[in-house]
Structure formats: C-alpha cells, structure tokens
Amino acid sequence: GENVEQHPSTLSVQEGDSAVIKCTYSDSASNYFPWYKQELGKRPQLIIDIRSNVGEKKDQRIAVTLNKTAKHFSLHITETQPEDSAVYFCAASKEMDSSYKLIFGSGTRLLVRP
Amino acid sequence: DAGVTQSPTHLIKTRGQHVTLRCSPISGHKSVSWYQQVLGQGPQFIFQYYEKEERGRGNFPDRFSARQFPNYSSELNVNALLLGDSALYLCASRLPGQGSEQYFGPGTRLTVT
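Taken in sequence, the protein lines are chains A and U. Each residue of the first sequence is one higher than the one before, starting from 397 at the first, in the working numbering. Each residue of the second sequence is one higher than the one before, starting from 98 at the first, in the working numbering.
Read the hints as simulated data drawn from the structure, not as lab findings. In this text the structure is predicted, and so the values were computed from the model without any measurement. Check each hint, because a few of them may be wrong.
25 Å max Cα-Cα, derived SDA-like pairs, lysine to any residue [stated by the list, open to error]:
| # | chain 1 | residue 1 | chain 2 | residue 2 |
| --- | --- | --- | --- | --- |
| 1 | A | 438 | U | 137 |
| 2 | A | 490 | U | 170 |
| 3 | A | 438 | U | 183 |
| 4 | U | 110 | U | 149 |
| 5 | A | 467 | U | 106 |
| 6 | A | 467 | U | 195 |
| 7 | A | 438 | U | 106 |
Chain U stretches covered by chain A per the calculated footprint, using a threshold of three residues with CB under 8 Å from any CB of chain A [as the list claims (entries may be wrong)]:
| # | segment |
| --- | --- |
| 8 | 126-139 |
| 9 | 142-155 |
| 10 | 189-195 |
| 11 | 201-208 |
Each pair of labels, with its calculated beta carbon distance range [to be verified]:
| # | chain 1 | residue 1 | chain 2 | residue 2 | range |
| --- | --- | --- | --- | --- | --- |
| 12 | U | 156 | A | 509 | 37 to 45 Å |
| 13 | U | 193 | A | 436 | 41 to 49 Å |
| 14 | U | 177 | A | 455 | 40 to 48 Å |
C-beta atoms are modelled at their ideal positions from N, C-alpha and C, and glycine is treated no differently.
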C-alpha cells in the first residue's frame, strides 16, 4: 500500500546550523509533496511544497528537493532559529481534481538549541 | 474570511459510546477530508468528500463513517468507541484541482476512557 517513511524521528541542532529531514515514498504515481510544521497543540501548517515536475524549490531559509527516480524528497532548513523548533511532517499525494488524500510520514521533532 | 472550523474542541467519551465531530470548510471549498492523529504520530487519512460524495477512504473500520452536507460542511461519526480511538481528529478543506493548498482546522481532541 501507500507509505511514506521519514527520518530522523528526532533532530537536535545548534542555532544557526542547518537541519535536513528525509522522506521516501512508495507510490510512484505520487505527484505532490508538501511539508507541514506542527507546533504543540496546534494544527499542521504548510511551510513548503513541491510537485513532481520540479526538482528543487526554495523559500527563504527553507528548501525542498525531490528525486523522482529514487522516490526521495528532503527538507532543508538553513540558519535555524529557536522558533523553528516543532514537529515536521512530510506527505505525498496523487493530486487530482476531485480526489485527494495525503499520506503523512511519522514526523521529525526538531529542537533548535539557543 | 474564517478558516476551517471544527467542533467541539475537546470531547471525553466512554468505551462503547458514539461520537459525532463537525467541520465547516473555508467558504468556497467543496472538498473536505478527515484525518486521525494519534499522539506522537503523523495524521492518518480517514475520508475525503467532494460535492457530497465520498471520493476516498482510508484503512479504518466500518465504525467510522462520514457525510457531507449541501453547504459542504461535514460530520465524522465513530460508533462503539475504543480506547485506541483517542486522538486529535483533523478536518481539512481545499478547492478542487491541482495547485490548491489543503487547509487544516484546529482539530477535535477526543479522549476515550
């Protein structure tokens, strides 16, 4: 069945360092890969996404890369700040007009030490 | 414009009882999805509805059911509650078509004792 694996489960970095979170997906028909940030007790918030026709996308300190052949995608956060501390989820989806579901990874708890 | 809203915010039920959770999508959004998020895990897809029809179902037992109303709001029903049903239930809405972001509601925290 459809599956998304996410690593690592926890990640601790010093403020200013970079953080990398990696995911692999099983369904080769997946074409949309969002990343969500979830703070304690809050809803998941979309921080960046990438579609299968693009290999890399950047938004300020955040970037996502996609390797369709290997079915891997990664989140890169540079110059980390304490407010980046949260749980990050990757997800994969086959984006169609009326049918849509996200398969989430198990999450990475990121701690940025001041 | 209001975001996705859910009610109630918290709920405590006893094993064997039934629960109904409610969701109102963003105005204009015709697609509503439900996810279950057990503590420490990623959200798990339960259902998706579009134009009042079920368009997707996750790997959940028949105790879980849902429906979408003409105003695109939705209900998630869970019968014969088990302790393992304790979770945050998230509703999300989006416009149809590629390129549309899915917006999550604040969730309903269900505790089954």
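Do the hints match the structure? See the list:
| no. | hint | in the structure |
| --- | --- | --- |
| 1 | A:438 <-> U:137 | 13 Å, holds |
| 2 | A:490 <-> U:170 | 24 Å, holds |
| 3 | A:438 <-> U:183 | 17 Å, holds |
| 4 | U:110 <-> U:149 | 28 Å, violated |
| 5 | A:467 <-> U:106 | 37 Å, violated |
| 6 | A:467 <-> U:195 | 20 Å, holds |
| 7 | A:438 <-> U:106 | 12 Å, holds |
| 8 | 126-139 | holds (count 6) |
| 9 | 142-155 | holds (count 7) |
| 10 | 189-195 | holds (count 4) |
| 11 | 201-208 | holds (count 4) |
| 12 | U:156 <-> A:509: 37 to 45 Å | 38 Å, holds |
| 13 | U:193 <-> A:436: 41 to 49 Å | 32 Å, violated |
| 14 | U:177 <-> A:455: 40 to 48 Å | 45 Å, holds |
Hint check: violations occur at hints 4, 5, 13; the rest are consistent with the structure.
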